[in-house]
Amino acid sequence: MSRIRRVIPGVDPKLLIKDATKAMPDPTRRLFLRGGASLGALTFLTGCDIVDGFSAEQALMKISYFNDRAQAWLFNPNRLAPTYPESAITRPFPFNAYYPVEEAPEVDGENYELEVGGLVENKKTWTLKELYALPEESQITRHICVEGWSAIGKWSGTRLSEFLRRVGADLTAKYVWFRCAEGYHTSIDMPTALHPQTQMTFKFDGEILPTKYGFPMKVRIPTKLGFKNPKHVMEMAVINNWNPGYWEEKGYNWFSGS
Amino acid sequence: MTAEATHPAGDTGAVRASGTIHPAWLRITHWINAIAVVMMIGSGWEIYNASPLFPFSYPKSITLGGWLAGALLWHFAAMWLLVVNGLVYVTLGVLTGRFRRKLLPIRPGEVVADARAALRGRLSHDDLSVYNAVQKLLYLGVILASVVVVLSGLAIWKPVQLQELTALLGGYDFARYVHFAAMAAIVGFLLIHVIMAFLVPKSLRAMVIGR
Numbered sequence: 150m151s152r153i154r155r156v157i158p159g160v161d162p163k164l165l166i167k168d169a170t171k172a173m174p175d176p177t178r179r180l181f182l183r184g185g186a187s188l189g190a191l192t193f194l195t196g197c198d199i200v201d202g203f204s205a206e207q208a209l210m211k212i213s214y215f216n217d218r219a220q221a222w223l224f225n226p227n228r229l230a231p232t233y234p235e236s237a238i239t240r241p242f243p244f245n246a247y248y249p250v251e252e253a254p255e256v257d258g259e260n261y262e263l264e265v266g267g268l269v270e271n272k273k274t275w276t277l278k279e280l281y282a283l284p285e286e287s288q289i290t291r292h293i294c295v296e297g298w299s300a301i302g303k304w305s306g307t308r309l310s311e312f313l314r315r316v317g318a319d320l321t322a323k324y325v326w327f328r329c330a331e332g333y334h335t336s337i338d339m340p341t342a343l344h345p346q347t348q349m350t351f352k353f354d355g356e357i358l359p360t361k362y363g364f365p366m367k368v369r370i371p372t373k374l375g376f377k378n379p380k381h382v383m384e385m386a387v388i389n390n391w392n393p394g395y396w397e398e399k400g401y402n403w404f405s406g407s
Numbered sequence: 049m050t051a052e053a054t055h056p057a058g059d060t061g062a063v064r065a066s067g068t069i070h071p072a073w074l075r076i077t078h079w080i081n082a083i084a085v086v087m088m089i090g091s092g093w094e095i096y097n098a099s100p101l102f103p104f105s106y107p108k109s110i111t112l113g114g115w116l117a118g119a120l121l122w123h124f125a126a127m128w129l130l131v132v133n134g135l136v137y138v139t140l141g142v143l144t145g146r147f148r149r150k151l152l153p154i155r156p157g158e159v160v161a162d163a164r165a166a167l168r169g170r171l172s173h174d175d176l177s178v179y180n181a182v183q184k185l186l187y188l189g190v191i192l193a194s195v196v197v198v199l200s201g202l203a204i205w206k207p208v209q210l211q212e213l214t215a216l217l218g219g220y221d222f223a224r225y226v227h228f229a230a231m232a233a234i235v236g237f238l239l240i241h242v243i244m245a246f247l248v249p250k251s252l253r254a255m256v257i258g259r
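Taken in sequence, the protein lines are chains G and C.
Residues 150 to 407, numbered by this note's numbering, are exactly what the first sequence covers, in order.
Residues 49 to 259, numbered by this note's numbering, are exactly what the second sequence covers, in order.
In short, the hints are calculated from the structure, not lab data.
Being a predicted model, the structure only gives us computed values, none of them experimental.
Just so it is clear, CB atoms sit at the ideal spot from N, CA and C, and this is done for glycine as well.
Among these hints, one or two may not hold up.
[To be verified] Pairs of lysine-lysine residues, derived as DSS-like cross-links and limited to a Cα-Cα distance of at most 30 Å, are as follows:
1. C/K108 to G/K211
2. G/K323 to G/K272
3. G/K303 to C/K108
4. G/K352 to C/K206
5. C/K206 to G/K211
6. C/K108 to G/K323
[Stated by the list, open to error] Listing some non-contacts, in silico: residues in chain G with all C-beta distances to chain C over 12 Å:
7. I212
8. F215
9. L223
10. E251
11. I293
12. C294
13. A300
14. V316
15. D319
16. N390
17. E397
18. G400
19. S407
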């Protein structure tokens with residue numbers, strides 16, 4: 150039961166604590182153990198001392214991080230998500246978020262400025278007018294929700310990879326992080342950010358993104374589950390430090406590749 | 049046919065000499081599989097509940113994980129146990145010739161006769177080292193269902209990276225039904241399997257201590 154305090158060379162204890170706090174479970178995340186503990190106790194916990202800090206949750210999270218690496222290994226940067234004809238588009242396209250549709254954040258397009266930060270050379274902000282002037286392409290792809298359902302939609306915008314090059318991003322960095330108007334945030338691996346179908350999206354089904362689908366900007370990633378496709382994006386940053394995301398901190402797998 | 053003719057005599061002799069019905073590798077993989085399957089089904093039901101395919105949900109009391117994220121963590125952890133253990137089991141089953149000896153051939157006439165006998169409660173389980181035709185069919189069937197459940201699981205987990213497999217299984221949405229059907233087949237097998245193990249307790253003993 151004794152805890153040994155080890156000082157790891159090259160690690161700033163204050164930063165470490167800050168990072169660890171981010172990964173700390175909140176009440177929602179705690180929920181999954183309540184149901185899991187009964188069977189978990191039978192399978193994972195036999196012979197393990199919980200007081201020493203080992204728990205089914207920690208073991209499962211470790212395996213989830215291993216699964217992140219397994220999926221990164223499986224990810225083929227040149228493999229395109231299947232595309233569909235216009236006739237296959239799901240209408241109406243479902244709205245999904247952790248809040249009801251009427252609570253979707255209303256972003257003022259006139260005063261909107263996309264913040265671009267982190268490991269980029271040009272940190273200028275981008276107005277909608279400037280963003281709309283970027284080269285546009287469309288995709289009709291399948292959106293797959295972590296819940297299991299799927300829907301086909303048509304998204305138009307500019308390739309994130311081209312945008313990252315345009316702003317002089319460090320393409321050897323590990324992650325691209327997104328912050329949204331309602332406080333949602335998520336992060337993706339650089340290979341996925343550079344995938345040809347990963348798109349800064351401004352239109353859905355040929356129309357300017359309505360509020361419910363993420364006005365003014367969504368990031369469409371057909372190689373990842375729906376919750377990794379942030380809406381109402383206000384800021385993006387190219388980073389090397391681990392900052393998983395809103396749902397990821399509650400227990401969803403970070404990579405969540407399709 | 050020739051393989052069949054050359055094997056039976058020597059094999060039964062070996063079994064009788066050592067008295068072992070189930071070799072250690074089989075018993076170990078069987079029980080690891082039992083744990084993995086229970087975890088996969090329990091968490092799979094909770095995942096199903098997040099977006100049910102049919103107008104019913106599984107009661108929370110029989111699911112694993114508490115909520116969707118917890119269930120997914122269990123599912124994608126137990127998946128490694130299931131697949132790695134399953135590969136060891138199938139590889140040894142084929143290499144040792146056990147599958148061929150124990151599960152083949154399955155003759156339709158024998159299946160019908162044994163099924164009738166079983167339903168009248170007259171099917172003997174005296175010799176645990178020999179499987180009757182119904183057992184053969186069920187064991188082969190559950191192995192097949194397990195292959196389908198793993199393939200359809202991969203198809204809905206990786207519909208972009210493994211898109212050929214997903215297409216082969218009828219596309220993402222259809223593959224979800226395939227995954228469900230294979231799970232249902234395995235659950236159906238489990239019900240019969242567990243009931244039989246309790247009706248013939250010495251079969252349970254044989255799966256624990258080998259004899």
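Hint check:
Distance check on the hinted pair: C/K108 and G/K211 sit about 25 Å apart at the alpha-carbon level, within 30 Å; holds. In summary, the hint linking G/K323 to G/K272 is supported, as the alpha carbons are separated by about 18 Å, within the 30 Å threshold. Of the supplied pair hints, the one linking G/K303 and C/K108 is violated, its CA atoms being roughly 37 Å apart against a limit of 30 Å. In summary, the hint linking G/K352 to C/K206 is supported, as the alpha carbons are separated by about 27 Å, within the 30 Å threshold.
With a C-alpha separation of about 21 Å, the suggested pair C/K206 and G/K211 falls inside the 30 Å cut-off, and the hint holds. Between C/K108 and G/K323 the alpha-carbon distance is near 39 Å, which puts this suggested pair outside the 30 Å criterion. Remark: the non-interface label on G/I212 conflicts with the geometry, its nearest Cβ contact in chain C lying 4 Å away (cut-off 12 Å). With a least beta-carbon separation of about 8 Å from chain C, G/F215 fails to lie farther than 12 Å from that chain, contradicting its non-interface assignment.
Interface exclusion of G/L223 from chain C breaks down, the closest Cβ pair being 5 Å apart, not more than 12 Å. Non-interface status of G/E251 relative to chain C is upheld: no Cβ of that chain comes within 12 Å, the nearest being about 22 Å off. The claim that G/I293 is not at the interface with chain C is violated, since a C-beta of that chain comes within 12 Å of its own (minimum 7 Å). For G/C294, the condition that its CB be more than 12 Å from all CB atoms of chain C is violated, with the nearest at approximately 7 Å.
For G/A300, the non-interface assignment is contradicted: its Cβ lies about 10 Å from the closest Cβ of chain C, within the 12 Å cut-off. Separation of G/V316 from chain C is adequate, the least Cβ-Cβ distance of about 27 Å exceeding the 12 Å criterion. No Cβ of chain C comes within 12 Å of the Cβ of G/D319; the nearest lies about 26 Å off, and the non-interface call holds. Non-interface status of G/N390 relative to chain C is upheld: no Cβ of that chain comes within 12 Å, the nearest being about 23 Å off.
Annotated as non-interface, G/E397 brings its C-beta within 12 Å of a C-beta of chain C; the closest such distance is 9 Å. With a closest Cβ-Cβ approach of about 3 Å to chain C, G/G400 is found to fall inside the 12 Å limit, against its non-interface label. Not every CB of chain C lies more than 12 Å from the CB of G/S407, the least distance being 4 Å, so the non-interface label is violated.
The structure shown violates the earlier hints numbered 3, 6, 7, 8, 9, 11, 12, 13, 17, 18, 19.
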